Amino acid sequence: MHSVVAIKQVPDTSNVRINPETGTLIREGVPTIINPYDIHAVEMAVRIKEKFGGTVTVISMGPPKAMESLTECVEQGADRAILISDRRFGAADTLATSYVLAHTIEALLKEGPVDLLLFGKQAIDGDTGQVGPGVAARLQVPLLSNAVMIESFDPVARKAVIHRKIEQGVEVIETSLPALLTVEKEIATVKRASLSNVINAARYTPELWTGDLPVPFDPDQIGIKGSPTIVGKAFTPTPRGAGAILSVAEKGLSKTVADALAMIVEASVVTFQNHDGGRP
Amino acid sequence: MSEQVETSPPRIWVFIEQEEGRPHPVSWELLGAAQRLATELPGSVVEGVLLGHNVAGIAPEAYRYGAKRVYLIDDPILEPYRNLPYGHGVSNLVVKYQPEIFLFGATTLGRDLAGTIATRVHTGLTADCTELAIDPKLKILAATRPTFGGNLMATILCRKHRPQMATVRPRVLSMPEPLAESEGELLRETLDLHESDVPVRRIRLIPGKEQLNIEYADVIVAGGRGMGGPKGFKLLEELADSLGGVVGASRPVIDAGWLHHEHQVGQTGKTVRPKLYIAAGISGAVQHTVGMSGSNFILAINSDPKAPIFQMANASIVGDLYKVIPELIRQVKGINNGQ
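The listed protein sequences correspond, in order, to chains S and V. Residue numbering for the first sequence follows the numbering used here, beginning at 543 and increasing consecutively. Residue numbering for the second sequence follows the numbering used here, beginning at 74 and increasing consecutively.
None of these hints come from the bench; they were simulated from the model. In this text the structure is predicted, and so the values were computed from the model without any measurement. Be careful, since some hints might not be right.
[Said to hold, decoys possible] Partial selection, computed: residues in chain S whose CB lies under 7 angstroms from chain V:
#1 682
#2 684
#3 777
#4 803
Each residue gets a CB set at the ideal place from its N, CA and C atoms; glycine is no exception.
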């Protein structure tokens, strides 16, 4: 039983600031975290290992600093962690990223079978949610996006029943294994790292894979070269501009509210009518 | 799909999303956008792609929203949606007809499918765009999207690979007016796939507890951290009821468990563009405002006169929301009752 989890180290977007003059990201002093959805993917893989045995491998494409995030995954219970890092991977879009991750997983498949692939449903910096589906397409394994629960898992029959969140509710799907799941946070509640795992992590150094070693990547499919999309320009969003400020302290409650409602009526955005059907 | 010689007019494609035979309105919003793009791309044609079982009846509606032609794959394997057969069918159409641009709704289904297609046909895909345009010099799609939690906007170009793919969330684009009648051409295509080729099957569907369609509400009364707790949301519900609207919330409210995720507006929630958006106790972090800045009229209520939400609201009330909201309810009910 072998699960592979792909994670991304991301800037904590709730702390991101933009230089308003240049429209660029101020990276200094912005803390990096494991993409929040990915933590739940790691937790799910660890739960499966606890129940069925086997191993959990965590992989990440990113700069050397992402080693920290991989070590955190080992604290959480992963057995093996691989950082795929090379300057040539830089500026990759989702197509080039899915190539690097899929190629890494293919290399792991040569070592032995992989039963389950877990990704967060999206990363909070790019918010595309495209890398998981891309890897599934490349590896030609079933994709189950927005997974919220693994109802049953049978590594012997190589089948699983997965709940995934869709617009009409929750879809319950039976899939063959291996399959790739992109997970919502509900998939597993993250537990505090056990002392033994923390000790393991302290003694563990994640593996470093480069563009050439231990497996060569196709130079035409990585980084800028492998990315069909480019950023034409980046800018800060245009503000809408402030409207009228009405102060209760100055005008009194009733007048302030009446003025605000008058403006809404004036803008004719709402028709007032008895909506509450005669309820008291 | 790169470097294909153009032999036919540039095709601008829209994926017409349907489930259980019901088209998703985002499909019509995308057809509206596709028509605007077509005016900037001389000779181009707007076409729809429709997959499902017994769904041919949707095609005439697509014509009314501007599709000149609909490619239909009608097959029992395509009901309900599954990634593999849809990915197979749509990729084959792309290879066969070489569209220039291909737009999808950034719905659960659209995101699931678009990411698969882009990889299979090896092209670029820009997610969650807020604006689509044709770059006047390059004559290619300029797809603008928020990134880094809405702190930065980026315009993405896909220069050499085709189709240029993009997803757009429901309600980001305006809904076009349908034509009363419009002719179109239906082209039936085949799936060429057997059920035994699909290693995934739906066992059952657990319907959502409530079909809260916040994206398409005309009035949203939203609360934030400043509500102080779950109790105040009863008041917001009463105000929303009196205005024929629904209750929304910012992320801290959802994280605190005061309301279900379905109510969340913003970067990690829904994008809305109601006629009236009332923001109560919402400070106005960009993660929230990216989801509601398309509202026609924003009324903000906050006790903090420096709240950033005031910088974007049409009208702002500085005051205690536990006094302002009951007064709003009282006055709205008064107007409703013709007083």
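Do the hints match the structure? See the list:
Taken as an interface hint, residue 682 of chain S does not check out: its beta carbon lies about 9 angstroms from the nearest beta carbon of chain V, beyond 7 angstroms. Proximity of residue 684 of chain S to chain V holds as hinted, the smallest CB-CB distance being about 5 angstroms (cut-off 7 angstroms). Checking residue 777 of chain S against chain V: minimum C-beta separation of about 5 angstroms stays under 7 angstroms; hint holds. Taking 7 angstroms as the C-beta cut-off, the interface hint given for residue 803 of chain S holds, the closest approach to chain V being about 6 angstroms.
Violated hint for the displayed structure: number 1, the only one.
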